[in-house]
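Engineer: Using the sequences and the accompanying hints, generate a full structural model.
Protein chains: 2
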Amino acid sequence: MGFSLMRNQKFMPTIKHLLIISIAINAGLLLKLLHHEHEWAGLPGPDINGKNAVRPVKDVLHKAKPATDQYINLNHGDPTMYEVYWMQMGDKTTLVLSGWQSISYFSDTKNHCWFLEPGIANAVTRLHNLVGNAQTRNYHIVVGTGSTQLFQAALYALSPSNAPESMSIVSAAPFYSSYPLIIDCLKSGLYKWKGDASKFNKDDPYIELVTSPNNPDGSIRQAVVNGSGGILVHDLAYYWPQYTPISFQANHDIMLFTVSKCTGHAGIRIGWALVKDKEVAKRMTKFIEISSIGVSKDSQLRAAKILDVIADTYEHTEKFDKATPFFHYVYNEMAKRWRQLRSAVSKGQTFSLPDFPVEKCNFSGQRFGTQPAFAWLKCEKSIDDCEGFLKKHKILTRSGTHFGSSENYVRISLISHKEEYDEFIRRLSLLSSMSSPHE
Amino acid sequence: MGFSLMRNQKFMPTIKHLLIISIAINAGLLLKLLHHEHEWAGLPGPDINGKNAVRPVKDVLHKAKPATDQYINLNHGDPTMYEVYWMQMGDKTTLVLSGWQSISYFSDTKNHCWFLEPGIANAVTRLHNLVGNAQTRNYHIVVGTGSTQLFQAALYALSPSNAPESMSIVSAAPFYSSYPLIIDCLKSGLYKWKGDASKFNKDDPYIELVTSPNNPDGSIRQAVVNGSGGILVHDLAYYWPQYTPISFQANHDIMLFTVSKCTGHAGIRIGWALVKDKEVAKRMTKFIEISSIGVSKDSQLRAAKILDVIADTYEHTEKFDKATPFFHYVYNEMAKRWRQLRSAVSKGQTFSLPDFPVEKCNFSGQRFGTQPAFAWLKCEKSIDDCEGFLKKHKILTRSGTHFGSSENYVRISLISHKEEYDEFIRRLSLLSSMSSPHE
Numbered sequence: 001m002g003f004s005l006m007r008n009q010k011f012m013p014t015i016k017h018l019l020i021i022s023i024a025i026n027a028g029l030l031l032k033l034l035h036h037e038h039e040w041a042g043l044p045g046p047d048i049n050g051k052n053a054v055r056p057v058k059d060v061l062h063k064a065k066p067a068t069d070q071y072i073n074l075n076h077g078d079p080t081m082y083e084v085y086w087m088q089m090g091d092k093t094t095l096v097l098s099g100w101q102s103i104s105y106f107s108d109t110k111n112h113c114w115f116l117e118p119g120i121a122n123a124v125t126r127l128h129n130l131v132g133n134a135q136t137r138n139y140h141i142v143v144g145t146g147s148t149q150l151f152q153a154a155l156y157a158l159s160p161s162n163a164p165e166s167m168s169i170v171s172a173a174p175f176y177s178s179y180p181l182i183i184d185c186l187k188s189g190l191y192k193w194k195g196d197a198s199k200f201n202k203d204d205p206y207i208e209l210v211t212s213p214n215n216p217d218g219s220i221r222q223a224v225v226n227g228s229g230g231i232l233v234h235d236l237a238y239y240w241p242q243y244t245p246i247s248f249q250a251n252h253d254i255m256l257f258t259v260s261k262c263t264g265h266a267g268i269r270i271g272w273a274l275v276k277d278k279e280v281a282k283r284m285t286k287f288i289e290i291s292s293i294g295v296s297k298d299s300q301l302r303a304a305k306i307l308d309v310i311a312d313t314y315e316h317t318e319k320f321d322k323a324t325p326f327f328h329y330v331y332n333e334m335a336k337r338w339r340q341l342r343s344a345v346s347k348g349q350t351f352s353l354p355d356f357p358v359e360k361c362n363f364s365g366q367r368f369g370t371q372p373a374f375a376w377l378k379c380e381k382s383i384d385d386c387e388g389f390l391k392k393h394k395i396l397t398r399s400g401t402h403f404g405s406s407e408n409y410v411r412i413s414l415i416s417h418k419e420e421y422d423e424f425i426r427r428l429s430l431l432s433s434m435s436s437p438h439e
Numbered sequence: 001m002g003f004s005l006m007r008n009q010k011f012m013p014t015i016k017h018l019l020i021i022s023i024a025i026n027a028g029l030l031l032k033l034l035h036h037e038h039e040w041a042g043l044p045g046p047d048i049n050g051k052n053a054v055r056p057v058k059d060v061l062h063k064a065k066p067a068t069d070q071y072i073n074l075n076h077g078d079p080t081m082y083e084v085y086w087m088q089m090g091d092k093t094t095l096v097l098s099g100w101q102s103i104s105y106f107s108d109t110k111n112h113c114w115f116l117e118p119g120i121a122n123a124v125t126r127l128h129n130l131v132g133n134a135q136t137r138n139y140h141i142v143v144g145t146g147s148t149q150l151f152q153a154a155l156y157a158l159s160p161s162n163a164p165e166s167m168s169i170v171s172a173a174p175f176y177s178s179y180p181l182i183i184d185c186l187k188s189g190l191y192k193w194k195g196d197a198s199k200f201n202k203d204d205p206y207i208e209l210v211t212s213p214n215n216p217d218g219s220i221r222q223a224v225v226n227g228s229g230g231i232l233v234h235d236l237a238y239y240w241p242q243y244t245p246i247s248f249q250a251n252h253d254i255m256l257f258t259v260s261k262c263t264g265h266a267g268i269r270i271g272w273a274l275v276k277d278k279e280v281a282k283r284m285t286k287f288i289e290i291s292s293i294g295v296s297k298d299s300q301l302r303a304a305k306i307l308d309v310i311a312d313t314y315e316h317t318e319k320f321d322k323a324t325p326f327f328h329y330v331y332n333e334m335a336k337r338w339r340q341l342r343s344a345v346s347k348g349q350t351f352s353l354p355d356f357p358v359e360k361c362n363f364s365g366q367r368f369g370t371q372p373a374f375a376w377l378k379c380e381k382s383i384d385d386c387e388g389f390l391k392k393h394k395i396l397t398r399s400g401t402h403f404g405s406s407e408n409y410v411r412i413s414l415i416s417h418k419e420e421y422d423e424f425i426r427r428l429s430l431l432s433s434m435s436s437p438h439e
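Protein sequence lines correspond, in order, to chains A and B. Anchor point for the first sequence: position 418 equals 418 in full-length UniProt numbering, and the numbering is continuous, going up by one each time. Anchor point for the second sequence: position 221 equals 221 in full-length UniProt numbering, and the numbering is continuous, going up by one each time.
Among the clues, some could well be false.
Treat identical chains as interchangeable: a pair holds within one or across any two.
[Claimed, not checked] The calculated lysine to aspartate or glutamate pairs, modelled on EDC-like cross-linking and capped at a C-alpha distance of 20 Å, are:
hint, residue 1, residue 2
1, K394, D384
2, K192, D203
3, K347, D312
4, K381, E165
5, K322, E419
6, K194, D204
7, K276, D91
8, K278, D91
9, K63, D108
10, K282, D184
11, K192, E165
12, K282, D91
No lab work stands behind these hints: they were computed from the structure.
Structural biologist: Here it is as structure tokens:
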């Protein structure tokens, strides 16, 4: 018994020691883990550890509501509305890039588009197949520094280098305000901006830019020139189910898309073109090779990750707890914003908005009218300069004159932060219900 | 005693239980940590946990030596040589990007270059101040999709938009082979490639491109045209201490740099311009706004991190164990490669290489001659088509004809993977020592 007690007495401290050591190890591991979590987060921000349940916006964004005497800038289509969704997705879209990545210029020497990362080619194909907005089979993918670079690549690829006259580029008014700026920027001898497609003399060879849904007015578009020498470039940046019903699978010769307006990551500067003709795709690739020796690999890898997560929110819902799948979430947000906008405008006769036909969306099964990323607002009554009128009331917009239209119209971005949007709606409601808008 | 024993008996299992629980927690935390480490690594690769000691190349790269009948492509200046260094730096340059980053187009609305990430502006300034290769005080920084985009931005900014004739662009031969391609790509009415600066009629206004050290031949350059209407653009992509002695702090009006040739990250597509005149910087910014609505934020953040780590290898050596600081490491590698190259060429009279004057480097304190990223190799004897001759022996290079020079010359990249480089040296030695090169 004495012996046994001795053994016990000797044994007890040993267990205690082990316990102390074990607890010390625990503490060490916990510290290391916390350190990891801290690094993992990358930049200051809210908890990113998989809490996907919807939380109040202010909790995650800490975005201050603009003061009533502050300007609200809705001139650019800066898609900051999307931040909330991606914050709620936590670390699902976190990307870790090691120091030895992105060394070589080349991504895939077997592809005619040698700077295309295979991951983004896969993700783009997967997402189009999921949404059904564009065919990908038998198409060549060309990646670009945003669709802006791809648009220039298409013009370069489609304009003969030895033609006696430069190629005419047209688009039906109201057209995207950047088209004339980009096209005439360098006074190219290959092509020239010829303005409104509906006024174009169709005897010359031309390229018609078809933007659908259209920027700025949200209309669903088809080519308007019926010339025999016409080549079409389709800018489908907004042909996604948060903005418009997906009523058909597009299969045009050249289709341009951009991450900016699909996922909201404008700062990534990644776009892609789906191109039927191999030689055209090769010439587009050549343009991007000459103008920037390819496209950021880092951004391609990030874009691939984000597009894949969007597809995962539909195809691997088990990974996402109760999070709303991407397009449904953004669709709901756009629908709410359009309800608020139409309600504000309907308070008086100061403003009007276009109407959009209701169609069935093959992706969601829902019936709805286009709910564009921009409002194409018309000032009624005696207001001529709509941009100037709104600017006086500290709302910055872009005048219709930039889009080949009249100063009665303005384009207003609807995809900014919620706090900005709410304050915009508050101000618009006040202006809308004023008896005399010149007050 | 019985009571005491009972207490002990009861107590002992409790400690044991605590121990078991504690060990279980240990195991859980360890598992979680291992999982983290796994995610942290990002992509398959070697151990990245801070093992900075130099390890054999094959251990980290797993790069196969080219078979003797395989082509070696040294046509492009693909800087894959740098991979080894960045692998050895482990996770020091790892960057974690969260899903909600890079949403907005804007990086710094207070800066005229609104898409410039403040982090890269700081890192660029810090590195130039450390190396002493360029003044940054009173300069405006413009970031671009590689220096290629900045070069075009400079041409746009410096060519009047309403001049009766287009601006002449010249550069002394041998000049960078991409200059004519980029300049005449869109047949711009603003500017036109006029070839070799040394043959230029100096009565017209012109822009002279001064590349120093020069691509392809490594020479240290100054402007050659002495016209009154001349504007200079300095391409200083290779003015770093691994390639050439830093003999003065450059303070030209417009200086272009690129991450590709400084750190080796060509796939990042980031360059920067240091610009004296604010209006020129603003017009360059405008060009990048029109041509790509800014520059990838992801790549800017990565470039900033990498440039900062380079500065850290000098200013915070305690963080880096025994790792060689960046420029010293790459300098040694370039010196070794040039020794191997000159030794191979000296085996016979088949080839010759330019000589470079020895100067003191203000950065390292060492005296050495330029050791360029490219060899400007001349085929002697009866070999006329040097590119064709080397191609027959499965070495792909770029003919002097692309650089405004003769076919007796080729440009050969010296900054590829070690395995490729070694095989190139082996083949070149054999050719060099052949009695008749036409065998």
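Engineer: With reference to the structure, classify each hint as holding or not holding.
Structural biologist: Hint check results:
{"no.": "1", "hint": "K394 with D384", "verdict": "within (17 Å within a copy, 71 Å between copies)"}
{"no.": "2", "hint": "K192 with D203", "verdict": "within (15 Å within a copy, 30 Å between copies)"}
{"no.": "3", "hint": "K347 with D312", "verdict": "neither (42 Å within a copy, 61 Å between copies)"}
{"no.": "4", "hint": "K381 with E165", "verdict": "neither (45 Å within a copy, 48 Å between copies)"}
{"no.": "5", "hint": "K322 with E419", "verdict": "neither (25 Å within a copy, 51 Å between copies)"}
{"no.": "6", "hint": "K194 with D204", "verdict": "within (11 Å within a copy, 32 Å between copies)"}
{"no.": "7", "hint": "K276 with D91", "verdict": "neither (36 Å within a copy, 42 Å between copies)"}
{"no.": "8", "hint": "K278 with D91", "verdict": "neither (38 Å within a copy, 41 Å between copies)"}
{"no.": "9", "hint": "K63 with D108", "verdict": "between (41 Å within a copy, 17 Å between copies)"}
{"no.": "10", "hint": "K282 with D184", "verdict": "between (24 Å within a copy, 19 Å between copies)"}
{"no.": "11", "hint": "K192 with E165", "verdict": "both (10 Å within a copy, 18 Å between copies)"}
{"no.": "12", "hint": "K282 with D91", "verdict": "neither (37 Å within a copy, 37 Å between copies)"}
When held up to the earlier numbered hints, the structure conflicts with 3, 4, 5, 7, 8 and 12 and fits the remainder.
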